[in-house]
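Line order of the protein sequences matches chains A and B. Counting from 1, position 261 in the first sequence corresponds to residue 261 in this note's numbering; the numbering is continuous, with no gaps. Counting from 1, position 290 in the second sequence corresponds to residue 290 in this note's numbering; the numbering is continuous, with no gaps.
Hint data in this document are derived by calculation from the structure and do not stem from the laboratory. Take these hints with a grain of salt, some might be off.
[Stated by the list, open to error] The following residues of chain B were derived to be distant from chain A, with all beta-carbon distances above 10 Å:
hint: 1; residue: 45
hint: 2; residue: 99
hint: 3; residue: 123
hint: 4; residue: 208
hint: 5; residue: 259
[As the list claims (entries may be wrong)] Straight-line Cα separation of at most 20 Å, PhoX-like style, residue types lysine-lysine; simulated pairs:
hint: 6; chain 1: A; residue 1: 45; chain 2: A; residue 2: 297
hint: 7; chain 1: A; residue 1: 171; chain 2: B; residue 2: 31
hint: 8; chain 1: B; residue 1: 45; chain 2: A; residue 2: 31
hint: 9; chain 1: B; residue 1: 21; chain 2: B; residue 2: 31
hint: 10; chain 1: B; residue 1: 45; chain 2: B; residue 2: 297
hint: 11; chain 1: A; residue 1: 31; chain 2: A; residue 2: 103
From a predicted model like this one, the values you see are computed outputs, not experimental measurements. In this text, a Cβ means the ideal position worked out from N, Cα and C, and glycines have one as well.
2 protein chains.
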Amino acid sequence: MATLICYEHYQQRINDFLITKIDQLTINDTKLLDAMRYGLLIGGKRMRPYLAYITGEAVSANIDDIDAVAGAIECIHAYSLLHDDLPAMDDDDLRRGQPTCHKAFDEATAILAGDALQTLAFDILANHTFTSTHKPNELPIQVRLIQQLVSASGYQGMCGGQGLDLAATNKSISLEALEALHSLKTGALLKASVLMPALCGELVTEDQKHILSEYAQHIGLAYQVQDDILDLISTEEELGKPVGSDVAANKSTYPALLGLQGAQNKAENLLQQALQALARLPYNTQSLADFATFIVKRSH
Amino acid sequence: MATLICYEHYQQRINDFLITKIDQLTINDTKLLDAMRYGLLIGGKRMRPYLAYITGEAVSANIDDIDAVAGAIECIHAYSLLHDDLPAMDDDDLRRGQPTCHKAFDEATAILAGDALQTLAFDILANHTFTSTHKPNELPIQVRLIQQLVSASGYQGMCGGQGLDLAATNKSISLEALEALHSLKTGALLKASVLMPALCGELVTEDQKHILSEYAQHIGLAYQVQDDILDLISTEEELGKPVGSDVAANKSTYPALLGLQGAQNKAENLLQQALQALARLPYNTQSLADFATFIVKRSH
Numbered sequence: 001m002a003t004l005i006c007y008e009h010y011q012q013r014i015n016d017f018l019i020t021k022i023d024q025l026t027i028n029d030t031k032l033l034d035a036m037r038y039g040l041l042i043g044g045k046r047m048r049p050y051l052a053y054i055t056g057e058a059v060s061a062n063i064d065d066i067d068a069v070a071g072a073i074e075c076i077h078a079y080s081l082l083h084d085d086l087p088a089m090d091d092d093d094l095r096r097g098q099p100t101c102h103k104a105f106d107e108a109t110a111i112l113a114g115d116a117l118q119t120l121a122f123d124i125l126a127n128h129t130f131t132s133t134h135k136p137n138e139l140p141i142q143v144r145l146i147q148q149l150v151s152a153s154g155y156q157g158m159c160g161g162q163g164l165d166l167a168a169t170n171k172s173i174s175l176e177a178l179e180a181l182h183s184l185k186t187g188a189l190l191k192a193s194v195l196m197p198a199l200c201g202e203l204v205t206e207d208q209k210h211i212l213s214e215y216a217q218h219i220g221l222a223y224q225v226q227d228d229i230l231d232l233i234s235t236e237e238e239l240g241k242p243v244g245s246d247v248a249a250n251k252s253t254y255p256a257l258l259g260l261q262g263a264q265n266k267a268e269n270l271l272q273q274a275l276q277a278l279a280r281l282p283y284n285t286q287s288l289a290d291f292a293t294f295i296v297k298r299s300h
Numbered sequence: 001m002a003t004l005i006c007y008e009h010y011q012q013r014i015n016d017f018l019i020t021k022i023d024q025l026t027i028n029d030t031k032l033l034d035a036m037r038y039g040l041l042i043g044g045k046r047m048r049p050y051l052a053y054i055t056g057e058a059v060s061a062n063i064d065d066i067d068a069v070a071g072a073i074e075c076i077h078a079y080s081l082l083h084d085d086l087p088a089m090d091d092d093d094l095r096r097g098q099p100t101c102h103k104a105f106d107e108a109t110a111i112l113a114g115d116a117l118q119t120l121a122f123d124i125l126a127n128h129t130f131t132s133t134h135k136p137n138e139l140p141i142q143v144r145l146i147q148q149l150v151s152a153s154g155y156q157g158m159c160g161g162q163g164l165d166l167a168a169t170n171k172s173i174s175l176e177a178l179e180a181l182h183s184l185k186t187g188a189l190l191k192a193s194v195l196m197p198a199l200c201g202e203l204v205t206e207d208q209k210h211i212l213s214e215y216a217q218h219i220g221l222a223y224q225v226q227d228d229i230l231d232l233i234s235t236e237e238e239l240g241k242p243v244g245s246d247v248a249a250n251k252s253t254y255p256a257l258l259g260l261q262g263a264q265n266k267a268e269n270l271l272q273q274a275l276q277a278l279a280r281l282p283y284n285t286q287s288l289a290d291f292a293t294f295i296v297k298r299s300h
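All chains, full assembly: derive it from the sequences and hints.
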């Protein structure tokens with residue numbers, strides 16, 4: 001229960017932070033700014049920010065620094081949804097039970113709002129005053145955070161994964177190829193949600209970062225496996241978007257490759273591996289463990 | 001003549017730099033990488049990189065640092081062209097005499113390639129080892145460069161200008177509104193092409209930055225005025241894209257608001273103001289003066 005209260009608390013905190021960031025932008029085109037606000041603030045579970053906050057807690061990072069990290073990551077996530085939903089991509093009309101951005105506004109505005117939200121992610125990191133200092137011989141924290149975010153979100157991360165996803169549509173691909181695809185498409189940004197806060201915790205060792213990275217890798221995949229399962233067995237009301245869209249789009253999924261039971265076993269297996277990784281860390285990782293469990297047990 | 005040789009030299013230099021950056025990306029989806037390469041490397045006058053190099057020369061910045069600055073700016077410019085050409089935006093089939101990226105590939109790939117090129121811009125800056133050191137109490141050069149680039153390219157810069165442009169289509173707007181639009185849409189990135197190299201020149205004073213900014217503001221507007229004039233009087237062969245597209249798209253232009261002669265006078269006037277700004281600087285600014293003249297006198 002404590003974790004649940006905490007989840008809502010951090011949801012509110014990141015929403016407040018993002019509203020402030022949007023409101024700080026000078027108004028020169030209301031429609032574009034409205035579309036950015038819509039894409040960033042309408043609904044959203046804020047899972048990545050939550051993961052960033054609880055990792056930040058575990059490694060004793062400054063919470064104001066985590067605001068910037070979580071805000072930047074959520075801007076990248078929001079821009080990717082705006083673009084993924086476009087007619088030329090997944091052509092989705094609903095997102096979180098609401099019209100997608102290009103439906104609520106128009107296609108040109110949705111493309112542009114996505115572009116500007118990506119820039120805003122780097123804006124937030126570059127213009128935040130971080131409390132953590134850097135050692136001589138070490139790059140400043142902002143530069144290391146931006147390095148981490150570009151590698152998670154660009155061609156070698158999320159965008160590359162989306163490219164693989166486009167290439168895999170209407171094709172049957174191997175389990176290995178499906179994992180490679182998801183570890184980029186959704187896994188890379190989830191991993192950044194753990195590794196960027198870890199950079200803000202000044203006492204985190206390289207070995208501990210490696211373990212956190214393992215944890216993130218497992219929950220990233222588990223998240224995708226569960227997503228595929230929910231697309232098959234959930235209801236439209238629960239999901240806030242049409243069910244069966246993977247099958248309709250002829251996409252390879254875990255249940256398609258492993259069967260429903262096989263996919264459920266895989267999710268459980270990944271959860272256990274995530275928990276085992278956490279057990280090797282010297283911090284209080286209860287929230288991270290609860291989060292891993294939530295990812296696999298969620299129904300929407 | 002010396003300037004012309006220099007232009008070609010720097011064109012080659014930035015192309016080599018960008019090819020290296022693209023080639024360094026791990027290959028996990030050939031089509032997406034091909035589209036990024038296409039968008040970034042097929043043709044292009046490389047005006048912004050050239051402006052960055054000659055500003056770097058004037059302020060005695062390290063040329064390897066300018067590679068990174070010019071490369072990042074060109075990635076932003078290239079991504080904006082990929083997205084501006086899309087059917088939902090300007091719906092252009094030709095760019096630099098070649099099929100636009102969504103024609104050569106497909107719409108989804110062009111959107112994604114643009115996204116990944118924006119990320120690559122920040123990647124280049126965050127991962128470059130800059131020679132210039134920073135004073136105590138001053139943010140590291142990388143952070144200041146990224147701050148400059150986000151402000152030039154995001155909602156408060158290029159993206160915001162494109163938003164104003166979308167809003168102004170099929171509407172008649174005032175000369176003042178047209179200038180505000182262009183100073184964001186194309187002016188902001190041209191200004192960054194001068195101000196970012198100025199940050200790399202360690203002895204540039206705030207006052208000199210202000211003068212360089214004035215110069216950039218004037219040539220940015222002059223560039224747009226000349227662009228509007230060429231769209232009216234040039235041939236498709238010279239431009240590498242259909243002429244009269246502004247009129248066809250019902251866009252407000254300088255010749256429409258001022259008449260052809262009025263627009264030509266305005267371009268000449270802006271050139272004189274740019275040259276007057278340069279005359280107040282203590283460096284050798286011959287190349288910058290030649291560039292301003294080229295902008296107004298060009299025929300394509």
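To see whether the hints hold, each was checked on the structure:
no., hint, in the structure
1, 45, "22 Å, holds"
2, 99, "16 Å, holds"
3, 123, "4 Å, violated"
4, 208, "23 Å, holds"
5, 259, "28 Å, holds"
6, 45(A) with 297(A), "15 Å, holds"
7, 171(A) with 31(B), "16 Å, holds"
8, 45(B) with 31(A), "32 Å, violated"
9, 21(B) with 31(B), "17 Å, holds"
10, 45(B) with 297(B), "15 Å, holds"
11, 31(A) with 103(A), "14 Å, holds"
In summary, the structure is inconsistent with hints 3, 8 from the numbered list given earlier, while agreeing with the others.
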